[in-house]
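So the sequence lines, in the order shown, correspond to chains U and X.
Going letter by letter, the first sequence gives residues 1 to 402 in this note's numbering.
Going letter by letter, the second sequence gives residues 1 to 433 in this note's numbering.
Just so you know, these hints were derived from the structure itself, not from any lab.
Any given hint could be a false lead.
[To be verified] Not everything, but these chain U residues come out facing chain X in the computed CB check (under 10 Å):
1. 224
2. 276
3. 307
4. 335
5. 346
Each residue gets a CB set at the ideal place from its N, CA and C atoms; glycine is no exception.
Listed below are the residues making up each chain.
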Amino acid sequence: MQKIAQRVRFLNPNLLQSQLTSIDTTTRSVQSREITSTRELRNAFDKYKINVLSRYLNWTSGANDNHHAASYVVNRHFRADNNGICTKEFSSKLRKNIPDFVKIVEVGARDGLQNEKAIVPTDVKIELIKLLVSSGLSVVEATSFVSPKWVPQLADAKDVLAAVRDVEGASFPVLTPNLKGFEAAVAAGAKEVAVFPAASESFSKANLNCGIEDNLARCRDIASASRSLTIPVRGYISCVVGCPLEGRIAPVKVAYVAKSLYEMGISEISLGDTIGVGTPGTVIPMLEAVLDVVPIDKLAVHFHDTYGQALSNILISLQMGISTVDSSVSGLGGCPYAKGATGNVATEDVVYMLNGLGVKTNVDLGKLMHAGDFICKHLGRPTGSKAATALNKVTTCNASKL
Amino acid sequence: MSSLEEPLGHDKLPSMSTMDRVQRFSSGCCRPQVDNLGMGNCFIEGRSCSTSNSCNEDNEDYTAETYPWKRQTRDMSRGDSFSPRTMTTGRNTLKSGIVDNSFYTSDYQYSQKRNNKDMQDMAYKFMKGMPEFVKIVEVGPRDGLQNEKNIVPTDVKIELIHRLASTGLSVIEATSFVSPKWVPQLADAKDVMQAVHNLRGIRLPVLTPNLKGFEAAVAAGAREVAVFASASESFSKSNINCSIEESLSRYRAVTRAAKELSIPVRGYVSCVVGCPVEGPVPPSKVAYVAKALYDMGCFEISLGDTIGVGTPGTVVPMLLAVMAIVPTEKLAVHFHDTYGQSLPNILVSLQMGISAVDSSVAGLGGCPYAKGASGNVATEDVVYMLNGLGIKTNVDIGKLMSAGDFIGKQLGRPSGSKTAIALNRVTADASKI
Numbered sequence: 001m002q003k004i005a006q007r008v009r010f011l012n013p014n015l016l017q018s019q020l021t022s023i024d025t026t027t028r029s030v031q032s033r034e035i036t037s038t039r040e041l042r043n044a045f046d047k048y049k050i051n052v053l054s055r056y057l058n059w060t061s062g063a064n065d066n067h068h069a070a071s072y073v074v075n076r077h078f079r080a081d082n083n084g085i086c087t088k089e090f091s092s093k094l095r096k097n098i099p100d101f102v103k104i105v106e107v108g109a110r111d112g113l114q115n116e117k118a119i120v121p122t123d124v125k126i127e128l129i130k131l132l133v134s135s136g137l138s139v140v141e142a143t144s145f146v147s148p149k150w151v152p153q154l155a156d157a158k159d160v161l162a163a164v165r166d167v168e169g170a171s172f173p174v175l176t177p178n179l180k181g182f183e184a185a186v187a188a189g190a191k192e193v194a195v196f197p198a199a200s201e202s203f204s205k206a207n208l209n210c211g212i213e214d215n216l217a218r219c220r221d222i223a224s225a226s227r228s229l230t231i232p233v234r235g236y237i238s239c240v241v242g243c244p245l246e247g248r249i250a251p252v253k254v255a256y257v258a259k260s261l262y263e264m265g266i267s268e269i270s271l272g273d274t275i276g277v278g279t280p281g282t283v284i285p286m287l288e289a290v291l292d293v294v295p296i297d298k299l300a301v302h303f304h305d306t307y308g309q310a311l312s313n314i315l316i317s318l319q320m321g322i323s324t325v326d327s328s329v330s331g332l333g334g335c336p337y338a339k340g341a342t343g344n345v346a347t348e349d350v351v352y353m354l355n356g357l358g359v360k361t362n363v364d365l366g367k368l369m370h371a372g373d374f375i376c377k378h379l380g381r382p383t384g385s386k387a388a389t390a391l392n393k394v395t396t397c398n399a400s401k402l
Numbered sequence: 001m002s003s004l005e006e007p008l009g010h011d012k013l014p015s016m017s018t019m020d021r022v023q024r025f026s027s028g029c030c031r032p033q034v035d036n037l038g039m040g041n042c043f044i045e046g047r048s049c050s051t052s053n054s055c056n057e058d059n060e061d062y063t064a065e066t067y068p069w070k071r072q073t074r075d076m077s078r079g080d081s082f083s084p085r086t087m088t089t090g091r092n093t094l095k096s097g098i099v100d101n102s103f104y105t106s107d108y109q110y111s112q113k114r115n116n117k118d119m120q121d122m123a124y125k126f127m128k129g130m131p132e133f134v135k136i137v138e139v140g141p142r143d144g145l146q147n148e149k150n151i152v153p154t155d156v157k158i159e160l161i162h163r164l165a166s167t168g169l170s171v172i173e174a175t176s177f178v179s180p181k182w183v184p185q186l187a188d189a190k191d192v193m194q195a196v197h198n199l200r201g202i203r204l205p206v207l208t209p210n211l212k213g214f215e216a217a218v219a220a221g222a223r224e225v226a227v228f229a230s231a232s233e234s235f236s237k238s239n240i241n242c243s244i245e246e247s248l249s250r251y252r253a254v255t256r257a258a259k260e261l262s263i264p265v266r267g268y269v270s271c272v273v274g275c276p277v278e279g280p281v282p283p284s285k286v287a288y289v290a291k292a293l294y295d296m297g298c299f300e301i302s303l304g305d306t307i308g309v310g311t312p313g314t315v316v317p318m319l320l321a322v323m324a325i326v327p328t329e330k331l332a333v334h335f336h337d338t339y340g341q342s343l344p345n346i347l348v349s350l351q352m353g354i355s356a357v358d359s360s361v362a363g364l365g366g367c368p369y370a371k372g373a374s375g376n377v378a379t380e381d382v383v384y385m386l387n388g389l390g391i392k393t394n395v396d397i398g399k400l401m402s403a404g405d406f407i408g409k410q411l412g413r414p415s416g417s418k419t420a421i422a423l424n425r426v427t428a429d430a431s432k433i
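Just chain X, same shape as in the assembly (with noise of 0.2 Å):
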């Protein structure tokens, strides 16, 4: 949209500051008492409401008051449409008494015409088999920096991970128990863990390919681990060396022990869409290594697009596939961005009941198949669509942009996160649309 007359100067808009900015566009963040703009997006202007955690203590009120969109599509039997005054922003009513008049008026006409089932169905159809609470697993530290070239000083490693414990993340996976050989970035994998492990209220779980790893893991103070199968036979050769079923039997070994040690094991399937050798996965095989890791004692199951080919198109039936056979409370989604994919993509399984997402501060982690091309989900942009849905996340926006700050300056590099950009950089310069 073009801007048709005198372009508004700077001097006639409000001046933002930075905080006010963060509130004013963070989505999710606002007081419960404000008029009830209600529908997550809570931009309120010049209200000075912190972006902490507040708004998910008031817990059952904010989402009655706030979200009144939210109660009607839980609550059918209510029967009554919104009412009126939800969905006017009681503080910006025009002044001009003709405008003030027929919104009035077709607001009224709304709210009645509301009343008709097709349309309460629309918003209820779409959003009912979302969960009230998505856990977010942040993999910045581990999938993140592993695709690094750079090393990355090990203070700077566990200093991230303090800073994303203090956003209300309750999964951190902290590093990657794997040869140096290989994986040289998480060298000093033990020096990480044996600074991080007595974080309080805060699940760090690591990468253990092996038997092992898994005691080296141990031995330094790991409480949870991870295990890799992948979906794609080709890719499994050429990423670990081995085959699927070797793969499992190995992963056996480590569940094994770790059962032993009442060790929780989080299983990880790669290539679940699409690999870059064989090309597309056909459900079934993912299915089949889903089930066994599930089988051998995995609590949960990550399901990861490695290669980010996938849409909703091939993402619902790879998850009916999986959600036929593993319950779907076991399961997570790992979506890569390499398409820009991710969020549709977590949107469907949102819908389709999944809640943990995994995903990367400021978009950590590039595709190593695609040289440049980006690679995990940024947490930010997650988080805000979380926001905006009205899923809890116990996320703290603002200091999760925090955290993404902190690594994108120790690497040099702007975020990978558009949401952190924007809400860096938002102005109030309306002189073009």
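Next comes chain U alone, as it looks inside the complex (with noise of 0.2 Å):
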């Protein structure tokens, strides 16, 4: 008892009185009476035994309509049980803020594919974003129109895009970097375009040859353009963590950006953290800088897995009510500012923990594994992600060590 007054008080004094005095000493909850035996404990616990199955769903590929059911239930399940004040703010606090359904907007066929250095046949990529779709990804970005000078892995954008463009279930968004490039995306039947100003002049001047405010007023001509043809625009704005020439980005900057990109009708504005330094603990003021000035439901999020921070980071966003998510088919993508480390997060990774917060994609985890394996088995690679590749290697042999 001392130990949950304890704890509430840190929670919410204000909590601690009401609560008290309604907790009631002969109810269910084990943590309200004393445990005299354990015997009493594993019955106390037996007694809300969760469905085997349901929770087994977490882990396989497939299945995943009842992965909703199956954390929710368990959290359910333990936050009426214990009667708790503590548990009921521990888990209410961890998980309610997390979206029911997250829309996973899939970067693999262009950022993913854009870092490598062997030309992908155009066949492949259309394959790859056919084989995406069927997984159930309803964004799949599928080609830049850029010019091929700079990125001729993309040169065949407009082929790409006059294959895919009719496929149901999914649209597909195509980078546009300037006025040019849009009407080149329109031309080859584009519904969807994307915009990507950096937070972080120096970075902009670097790899777009301008800086910031120059940036946003070709992304307004594009945003006017655009509207005109009713042609959502979603923003990607990189660096929002920190730099590889200035470092640390002050979230500030961040939120300028971003209200700029929001005025001027951006329909999604995806934060990039594009070198992938971002832990929670700048992850975070960078996402409250920005909510200040953008309503949440136009947010997403762009982690790359350079330091292995990106499901952390992604976490903690979900716990700040952010609803949608970039990542890459098997991590696709290097990151070109430390060769040979990693960058986008693994898609799989990312449906496999979602899965298990019960959260909806309705992406199939086992079509988006074969995804991967087809572009993988082209690229001659393994995969990057650890789900898709623990989920290929899975044996369940009786191991004589720990």
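Reassemble the complex: the two chains are provided individually, in unrelated frames, and hints are given to aid placement.
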């Protein structure tokens, strides 16, 4: 009891008094009475045994419609069971803001393949996109209308888009760095485009050859052109946490760029940790700054896994209520700033975590892994997804070691 | 993000020496007196700050100056929002007048808006339960090396432990006194222990599956031991050849003997989320085993997700069940990164108040149940995250990486730590986003 009281006091002083007086000492909760034997303890918990099968579904590829039920049931049981002052507080605080549904924006076909040295044949790209759509992904970034001089990998943008734009069940945003690219995209049948300013002036100049303001001006041009065609525009902001040149990026700068994009009518703003240096300690202030000026439903997060921090950053973003996550099948796409280091977070790993959280994605992990296998076979390398690696190789051997 | 225009050539960008890179991108390494960049990941261009524990030495100042966010969340009574100053990168203010003004303006507006209690609550809500200090229990030399096929020479093991000891880690699991028939890799337990047991300021727990192992450990100079029960009956039988209850009675004998010699005993619970044989493991079973270990005198219980299947959705109920009957400060978490989930699992554990985390340098130790899949979470990745959260660990990430490099070279493989790989290879080529 003392323990519970201490916890509650720390959490919310006002809660303490009212909750303590309402504790029923004869309650089912195992916390509010002495456990006189371990058997009693086991019985208490066993009463609330969860359906084993539904929880098993959290792990396996394939069945994903019960995932929401699975761990949600687990959480709910524990909230109900333990008469939880502290348990209610804990699990509700950690869980309640997490959205019930998260939209995954698949960037593997563009952001992923763009980083490949060897040119991937057009038909392979098209097949990859089709496989991704069949896994349930509703947004698949198809290609980029940039000059083939700079990104030869995506020189076939027109052909790729022409082949996939009529595929049902998904939208296919394409990158358009300027009005020229935008017009080419529209001519090729694009129904959604994307622009990408940076939050770092140096990075903007180095990477896009123009400062932030000039870039935003270009974005405005595209935004107004697209408005007349009712084509939604997605905005990516790069270097939202750190820049390879400037170092730490102040959240206020990110908020400034985000606000500018929002005001020009951008439909969704994806906040990208381009060099993957973010951790929850830096991501939270950044998100807070942006949430001050842009509604949460307009935001997406695009974390790189260069330092292995992507999933925890995604988790904290979900806890703050973000409900759109960018990722790349098999973790395609290295980090151009740290050769050999990883870049994008793997969609399979993200889906695995979301499934475990009971968050719906409509993505079939098995089919997603199939798409990943396909492209990795073609690229001649193993997947960058740990979940996919594990699910492909799980054996139930009787291990003689812990 | 693709490059639009002319990609920047190497010559246009500042070149970076290795040390510069490490300093630049190591989270948490910065001097307090520099512009209050705060928030953990401090990249300071050209700063020659060491990657030693210097930041940690400046204890209070460091926390106060460089983590204004942290100060805020821990002290609601201040009421103020962030000062505008803390949100700008002083040295990096833009030259252009227009942008300067607008940044300053939005800065100011930002700080006024931040008086909104809801926004303050948000960070507070997610971070307040987190401990200020997290103890990292390094299991590389035992749990890591144990999974290696090729026998690692004794002197390499000893050297690894020495290097780890110099990083600031306070607990390093040295070896295991199990029968060499089952774990030939650790047949040299006695020699390793005798060589390292005098290391100062470091605790070196060793695994002891039974009284015989315990006696051998004590004879070799061990001053701390560990036992390991399973939350899954099938796993217990297949892994240590006895039921859970039988293993617990064996350990009672060990803890009784240890108590007489005032030797602390750490308890591991394996399969706390899932079992390769049984599937999902009910939290109640984990709580039962954890309590049994606690009652018999274990000073700390490490909850291990042996096959790495856990996610925050399954870890939280498990922790709730255990925390209901074992004090939080006695608990540690031991997540495997087999499905890439260990860092989010560690994050929620921290949010729930857990303050001890097991990890393995360079992510040593594969998963015996999914051949080729990874196992232990890499200590470098954990330290990187903790540094970014402003949580003290006393671990020097540079020295840790050097220990990881050492063992990686010996084993002839690249590091299993993404942080280590990134910090080793960061370049300033910005031709593509």
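Numbers of unmet hints, in rising order | 1
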